[in-house]
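Chains A and B are the protein sequences, given in the same order.
Taking my numbering, the leading residue of the first sequence gets 1, the next gets one more, and so forth.
Taking my numbering, the leading residue of the second sequence gets 1001, the next gets one more, and so forth.
These are computed hints drawn from the structure, not numbers from a lab.
Please read these numbers as outputs of a predicted model, since none were measured by experiment.
There could be a bad hint or two in this list.
Derived, one-sided and incomplete: chain A residues facing chain B with beta-carbon distance under 10 Å [claimed, not checked]:
id, residue
1, Lys11
2, Gln12
3, Ala13
4, Val15
5, Lys33
6, Leu36
7, Leu53
8, Leu102
Selected chain B positions facing chain A (in silico; Cβ < 8 Å) [unchecked claim]:
id, residue
9, Arg1024
10, Glu1060
11, Gln1064
When the alpha-carbon atoms are kept at most 25 Å apart in a straight line, the in silico DSS-like pairs for lysine-lysine are as follows [unchecked claim]:
id, chain 1, residue 1, chain 2, residue 2
12, B, Lys1011, A, Lys103
13, A, Lys20, A, Lys74
14, A, Lys92, B, Lys1005
Note that the Cβ used here is the ideal one computed from N, Cα and C, for glycine as well.
Number of protein chains: 2
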Amino acid sequence: MSEFKNVTIVKQANVYFDGKVNSRTVLFADGSKKTLGFMQPGEYTFNTADPELMEILAGELDVQLPGCDWQTIKGGESFNVPGNAAFTMKVKTASDYCCSFLK
Amino acid sequence: MSEFKNVTIVKQANVYFDGKVNSRTVLFADGSKKTLGFMQPGEYTFNTADPELMEILAGELDVQLPGCDWQTIKGGESFNVPGNAAFTMKVKTASDYCCSFLK
């Protein structure tokens, strides 16, 4: 089972869309940051600051990235989002994710 | 903001009730364990092994502990659950929690 060791985790959840999307912030010794999150079925648009790597750990969703057609992403797959961009996800089944903030 | 430092976090979520309740496992250097979780509105019954301290970080729910009347718990409040017991929560608004497993 994959684990992150020697990290700091923020106790309180990050809450979006009335909690239908929630995540926890994980801080690494090298100054990098990830969030571990969970999404209920629904449609959500997010805005990025830094570029992000979104790993879908479980579940299924469609994502529309800037300038791209909709694509289906399943557990075990991932996608990259550019910085300063908006992307929309249609979450079909409850989805577990790990979001890495890239520099 | 409260944080847990020098911990190990399991990447994959613990998923209950089709993901309406999900949590992440946090492992401490002293061998103790907590889960940081999030519940959508709904009614959920859980069974304990070890006794648990449930801190409700945000949200509102009613809980029925073994042999007790229903009581309302709001963000900032907590309750203890005995080991080898069942308890039921009626979650009224999406609720953020920290569950500590006690020995």
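Hint check: 8 Å Cβ-Cβ cutoff, Glu1060/B to chain A: 12 Å, violated
Interface hint compliance - Ala13/A to chain B, C-beta minimum distance less than 10 Å: 4 Å, holds
Interface restraint verdict for Leu53/A against chain B (beta-carbon cut-off 10 Å): 14 Å, violated
Hint validity - Gln12/A Cβ closer than 10 Å to any chain B Cβ: 5 Å, holds
25 Å Cα cutoff - pair Lys92/A, Lys1005/B: 35 Å, violated
Chain B contact restraint for Lys11/A - C-beta distance below 10 Å: Since the shortest Cβ distance to chain B is 4 Å, the answer is holds.
Closest C-beta approach of Gln1064/B to chain A relative to 8 Å, hint status: 22 Å, violated
Pair hint outcome, Lys20/A versus Lys74/A [Cα-Cα no greater than 25 Å]: 19 Å, holds
Given hint Leu102/A near chain B, where the shortest CB pair must fall under 10 Å: 18 Å, violated
Interface hint compliance - Leu36/A to chain B, C-beta minimum distance less than 10 Å: With Cβ-Cβ at 6 Å, under 10 Å, it holds.
Given hint Val15/A near chain B, where the shortest CB pair must fall under 10 Å: 7 Å, holds
Holds or violated: Lys1011/B to Lys103/A, with C-alpha atoms at most 25 Å apart: Measuring from Cα to Cα gives roughly 21 Å; hence the hint holds.
When the structure is compared with the earlier hints, violations turn up for hints 5, 7, 8, 10, 11 and 14 and for no others.
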